[in-house]
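Novice: Now for the letters of each chain:
There are 2 protein chains.
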Amino acid sequence: MSIEQTLAATALAFWKIELERADKFFSALTDEQLPLEIAPGRNRLVYLWGHLIAVHDRMLPLLGIGERVYPYLDAPSLLEADRSEKLTTLPPAADLKRWWDEVNSRLTAGLSNFTPADWAAKHTAVSDEAFAANPLRNRLAVLLSRTAHISSHLGQAVIAAK
Amino acid sequence: MSIEQTLAATALAFWKIELERADKFFSALTDEQLPLEIAPGRNRLVYLWGHLIAVHDRMLPLLGIGERVYPYLDAPSLLEADRSEKLTTLPPAADLKRWWDEVNSRLTAGLSNFTPADWAAKHTAVSDEAFAANPLRNRLAVLLSRTAHISSHLGQAVIAAK
Numbered sequence: 407m408s409i410e411q412t413l414a415a416t417a418l419a420f421w422k423i424e425l426e427r428a429d430k431f432f433s434a435l436t437d438e439q440l441p442l443e444i445a446p447g448r449n450r451l452v453y454l455w456g457h458l459i460a461v462h463d464r465m466l467p468l469l470g471i472g473e474r475v476y477p478y479l480d481a482p483s484l485l486e487a488d489r490s491e492k493l494t495t496l497p498p499a500a501d502l503k504r505w506w507d508e509v510n511s512r513l514t515a516g517l518s519n520f521t522p523a524d525w526a527a528k529h530t531a532v533s534d535e536a537f538a539a540n541p542l543r544n545r546l547a548v549l550l551s552r553t554a555h556i557s558s559h560l561g562q563a564v565i566a567a568k
Numbered sequence: 407m408s409i410e411q412t413l414a415a416t417a418l419a420f421w422k423i424e425l426e427r428a429d430k431f432f433s434a435l436t437d438e439q440l441p442l443e444i445a446p447g448r449n450r451l452v453y454l455w456g457h458l459i460a461v462h463d464r465m466l467p468l469l470g471i472g473e474r475v476y477p478y479l480d481a482p483s484l485l486e487a488d489r490s491e492k493l494t495t496l497p498p499a500a501d502l503k504r505w506w507d508e509v510n511s512r513l514t515a516g517l518s519n520f521t522p523a524d525w526a527a528k529h530t531a532v533s534d535e536a537f538a539a540n541p542l543r544n545r546l547a548v549l550l551s552r553t554a555h556i557s558s559h560l561g562q563a564v565i566a567a568k
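The listed protein sequences correspond, in order, to chains W and U. Numbered by our numbering, the letters in the first sequence go through residues 407 to 568 in order. Numbered by our numbering, the letters in the second sequence go through residues 407 to 568 in order.
I should point out that these hints are in silico values taken from the structure, not numbers from a laboratory. Mixed in with the good hints there might be a few duds.
Stated by the list, open to error - Chain W is nowhere near these chain U residues, computed Cβ spacing over 10 Å in every case:
no.: 1; residue: Leu435
no.: 2; residue: Leu479
no.: 3; residue: Ser518
no.: 4; residue: Val532
Unchecked claim - Taking lysine-lysine and the BS3-like style, the derived pairs with C-alpha atoms no more than 25 Å apart in a straight line are:
no.: 5; chain 1: W; residue 1: Lys503; chain 2: W; residue 2: Lys430
no.: 6; chain 1: W; residue 1: Lys422; chain 2: U; residue 2: Lys422
no.: 7; chain 1: W; residue 1: Lys528; chain 2: U; residue 2: Lys503
no.: 8; chain 1: W; residue 1: Lys528; chain 2: W; residue 2: Lys430
no.: 9; chain 1: W; residue 1: Lys422; chain 2: W; residue 2: Lys503
no.: 10; chain 1: U; residue 1: Lys430; chain 2: U; residue 2: Lys503
no.: 11; chain 1: U; residue 1: Lys503; chain 2: U; residue 2: Lys422
no.: 12; chain 1: U; residue 1: Lys528; chain 2: W; residue 2: Lys422
no.: 13; chain 1: U; residue 1: Lys528; chain 2: U; residue 2: Lys422
For clarity, every value in this text was computed on a predicted model and none was experimentally measured. Ideal Cβ placement from N, Cα and C applies to all residues, glycine included.
Based on the provided sequences and hints, a complete structural model is requested.
Specialist: In structure tokens, the structure reads:
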């Protein structure tokens, strides 16, 4: 492997590690556990999982892989900051699992085809001018940010389940 | 910038972003806030901060930058899983701030000198044989993992302070 290939593969491998940690945690949740709050008055596990699904869904167009699969997950009832009075009807764990698997499998399939040059290329939410001014606004930056996003919410989620 | 330089610079920039987010949060804590638990019976802010300092301190030898600055931070009283009965005497915020700044400034100075080839090179906790078998056990992998480590604990810490 060349150096650029090694660096790209290292970042992708770490994305997969964090995604698998999240998968292991969230996929094991029961319908009884989904409404648990991570701390009194804080987000519930169902919200964190739905939020991760929607954010990963948005990565598909952001990285030029394809269209979103579940744009309706942005509905305020699911993805606005979690409040019990709004989120009255919880999606069952089986639905969340299905959305989660579908989005992540499309994402991972797309990411696996990226060359180092693809990773260094601009994502779709930055203009040509802005990218010319700052070449670090690239697809790798999106991947690293979304990897840390998983880590952040998983760090919170495990508090509820302990 | 070459592709390998862009990829390395992107990862380093994201480390700095997460480190600055953590710095903004932890450096603003008062001695009154440090004992706050992130959730009832969970880790306190003082533990999370001390833990991040010690983990970053360990990155210095792990990445071949230099010796640890504060090996005594590994003492069970500070860094073992936080329990009120053990952590009876809290270090003041001013000490934590000083340790945090010193470790991170040495770390960032060292990381800024890394070439793409340095990032793709093995870290010091992997043997030559293991590295030959898996070239992804490199310094970039350490950086990505420690960046996500900040994200994870910062995600927990902000719950306590809201």
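Novice: All hints, please: hold or fail.
Specialist: Evaluation of the provided hints:
no.	hint	in the structure
1	Leu435	18 Å, holds
2	Leu479	21 Å, holds
3	Ser518	14 Å, holds
4	Val532	13 Å, holds
5	Lys503/W x Lys430/W	11 Å, holds
6	Lys422/W x Lys422/U	22 Å, holds
7	Lys528/W x Lys503/U	37 Å, violated
8	Lys528/W x Lys430/W	31 Å, violated
9	Lys422/W x Lys503/W	17 Å, holds
10	Lys430/U x Lys503/U	11 Å, holds
11	Lys503/U x Lys422/U	17 Å, holds
12	Lys528/U x Lys422/W	20 Å, holds
13	Lys528/U x Lys422/U	22 Å, holds
Of the numbered hints listed earlier, those contradicted by the structure are 7, 8.
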